[in-house]
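*Asks:* Letter by letter, the chains look like this.
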Amino acid sequence: MNTEVILRAEGLTRKFGDFTAVDSLNLRVLQGEIFAFLGANGSGKSTTIRMLIGLLRPTAGRAVIDGIDVIATPRRVREHIGYMGQRVSLYQGLSLRENVDFYAGLQSVGGAELERRWGELRERFSLREVENEAASDLPAGLRQRAGLALAILHRPHVLFLDEPTAGVDLAGRALFWELIQEQADQGRTVFVTTHFLEEAEYCDRVSFIDAGRLIADATPAELRERYSGGYLVRASGLAGATLAIAAALKAELSQARAEALIDDNSTLSSEISDTPLEKQRRGHVSIKGSEVSVRLGSLPPERIATLRRAVRAAGAETLSIEPPDMADVFRQLSRVEGGRP
Amino acid sequence: MLSRGGHRASDAELIGGRKQAANPMLSRGDEMPAIELRDLRKNYGRRAALRGLTLDVEGAQILGIVGPDGAGKTTLLRALAGLLEVEAERASVLGFDLRQDTASLRACLGYVPQTFGLYRELSVAENLRVVGRLHGLSDAEIERRGKALLERNGLLPFVDRSTGALSGGMKQKLAIASALLPDPQLLILDEPTAGVDVVARDEIWQILEERKAETLIVVSTSYLNEAAACDRLIYLDSGRVVASGTPTALCAATPFELYRAWGALPRTIAQAARKLPFVVAAGATGQFARVEVAVDRSPGAAAVCAALEALPGAGVVLAARAPLDMESTLRALAVAGQPPARQGNVA
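In order, the protein sequence lines correspond to chains A and B.
For what it's worth, numbering that gives the first Met the number 0 labels the leading residue of the first sequence as 0, then goes sequentially.
For what it's worth, numbering that gives the first Met the number 0 labels the leading residue of the second sequence as 0, then goes sequentially.
If you're looking for bench data, these hints aren't it; they were derived computationally from the structure.
Be careful, since some hints might not be right.
Stated by the list, open to error - Facing chain B, a subset of chain A residues (Cβ under 8 Å, in silico):
#1 N40
#2 G41
#3 T72
#4 E162
#5 A170
#6 I303
#7 A309
The beta-carbon is built from N, C-alpha and C at its ideal position, and this holds for glycine as well.
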């Protein structure tokens with residue numbers, strides 16, 4: 000992963016009268032990263048995005064995107080960024096292709112270059128069949144895909160997607176996220192908000208804003224480790240192997256604990272080990288019949304590989320892992336760090 | 000602010016409707032709220048939105064309406080709310096005929112549309128007053144019921160706030176409170192939690208859960224956990240009911256097995272898994288690939304796991320079978336829902 004910072008916000012603040020919508024926000028997004036910007040309704044997400052894309056002047060603070068000072072020169076940032084909101088703005092009376100020509104004209108893309116770029120997007124986004132249909136007739140999933148195509152027609156370096164999948168069906172959401180990931184693979188930075196929390200899984204980093212303050216900024220794995228009951232690992236084998244399997248899982252648990260103690264470089268503000276959820280669920284191996292289970296806070300692929308070797312060597316025939324539910328992670332995060340009662 | 004006198008005429012109409020509603024068929028407690036649809040059709044010009052939909056629902060419960068975009072979910076909900084002219088062999092909701100008696104029906108139900116339908120300039124309390132008076136409730140009754148509803152949904156501290164200044168989640172809670180104010184037998188909600196945060200979603204669903212013993216709640220949703228929380232689901236596609244049943248029954252009837260293939264590169268794993276002959280679909284999450292296998296082609300869990308772990312270049316560290324979930328269930332129904340010729344025009 001590239002380590003070049005492409006978006007940086009420092010002390011970004013916006014007040015409306017006495018109300019502080021965004022409070023000294025610091026953000027750092029790396030090039031090519033998919034960065035999730037999550038939070039409750041009214042927490043300041045949209046205000047932040049409006050400041051970052053140069054539509055709203057902050058009360059204080061600064062923001063630099065792709066080397067451009069957004070506050071000093073908001074117009075200059077526009078060719079570097081793409082934006083797509085929850086309600087994609089297509090001119091309803093025009094066909095999709097006419098919309099494309101219109102937007103391309105605004106971005107000074109035309110002629111053979113437009114044909115080439117649109118041709119590629121139209122095929123990859125499966126928009127060929129609806130190209131000549133009126134924008135008003137497009138179902139939600141197609142409209143959002145068309146919106147994404149329009150937002151990247153001018154090849155921006157940073158793409159802002161504000162709830163791009165709201166109101167889109169399951170198949171549409173899956174396809175949309177494939178396209179987002181491809182954009183990131185091509186080096187484009189994606190700054191995205193969503194209320195489908197399982198979508199946070201597709202992101203490299205996840206930040207969470209509450210009452211205008213940033214309360215978390217971490218990888219999905221770090222969030223799962225801090226704000227969930229952990230991965231439920233279950234293994235079973237022949238009756239005679241149960242104790243050996245339990246011993247193998249116990250060894251894994253001690254290893255995980257030892258690593259948790261030395262790993263203290265996170266930017267999260269509280270310790271999950273203080274919460275009742277944590278005490279309740281993690282921390283011991285339990286045996287029920289021939290099934291042995293344990294909850295582990297983190298399970299990177301290499302740990303799964305060693306875990307699998309260890310329990311199979313101990314005689315396990317099955318091994319399954321139930322990951323924490325991302326929605327639970329955010330419920331817990333809101334409870335522990337959020338200002339809401 | 001609307002004057003009381005200005006609404007007398009419509010009050011009378013609606014009160015008339017309620018009187019009709021008080022026949023033995025419908026008095027609360029005696030009879031269960033019911034929906035009976037036979038061959039329900041709705042065309043918008045040449046486009047058929049509902050193509051012969053048949054549905055029987057009896058009793059208070061949470062009935063979930065799910066399906067892909069354009070399946071006809073909103074049209075069905077609007078039809079059930081008596082807001083559309085429809086054709087049918089039979090179309091009875093709460094004992095009223097959707098083809099004739101929609102004004103009386105509307106007096107007995109609460110409807111929360113997809114787009115926010117309250118007055119943004121009015122306060123929370125004023126909005127409730129408008130709705131209450133339209134339903135012929137006395138001011139004292141509006142005050143009493145309104146307070147209880149706002150206390151329950153946490154909006155009481157914001158009672159004087161302008162509705163336009165509420166957050167998205169609060170607006171939805173107010174829309175639901177307004178719909179519940181006349182104590183309807185039927186509550187219809189069109190994607191009430193779209194764009195709403197997880198905590199507010201939980202609160203909204205708790206309110207629905209509390210109501211479901213006495214009210215028939217019909218709700219559309221695109222969240223998987225909400226679909227799983229319904230008492231019964233109707234899966235619509237192309238204006239028809241493809242399947243209906245409890246989430247558990249629909250899940251049990253799904254001809255897929257679900258596997259998780261864990262590894263550092265879930266997208267690579269998913270791509271490789273799609274090439275296996277028994278795999279129907281594979282998609283990547285952040286940590287593993289979800290792999291769906293057709294039951295009738297499955298060589299058995301052990302063989303599937305071995306094949307996934309042996310995928311060349313995919314780096315699968317563990318493959319394991321997982322319990323089938325709502326995501327797989329809906330995907331299977333989406334496949335089942337594809338008619339041979341999927342077209343938008345009336346045949």
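*Asks:* Next, verify each hint and record whether it holds.
*Replies:* Each hint tested on the structure:
1. N40: holds (4 Å)
2. G41: Result: holds, 3 Å to nearest chain B Cβ.
3. T72: At about 32 Å, which exceeds the 8 Å cut-off, the nearest Cβ of chain B leaves the hint on A/T72 violated.
4. E162: holds (6 Å)
5. A170: Result: holds, 6 Å to nearest chain B Cβ.
6. I303: holds (5 Å)
7. A309: violated (12 Å)
Of the numbered hints given earlier, the model fails hints 3 and 7; all others are met.
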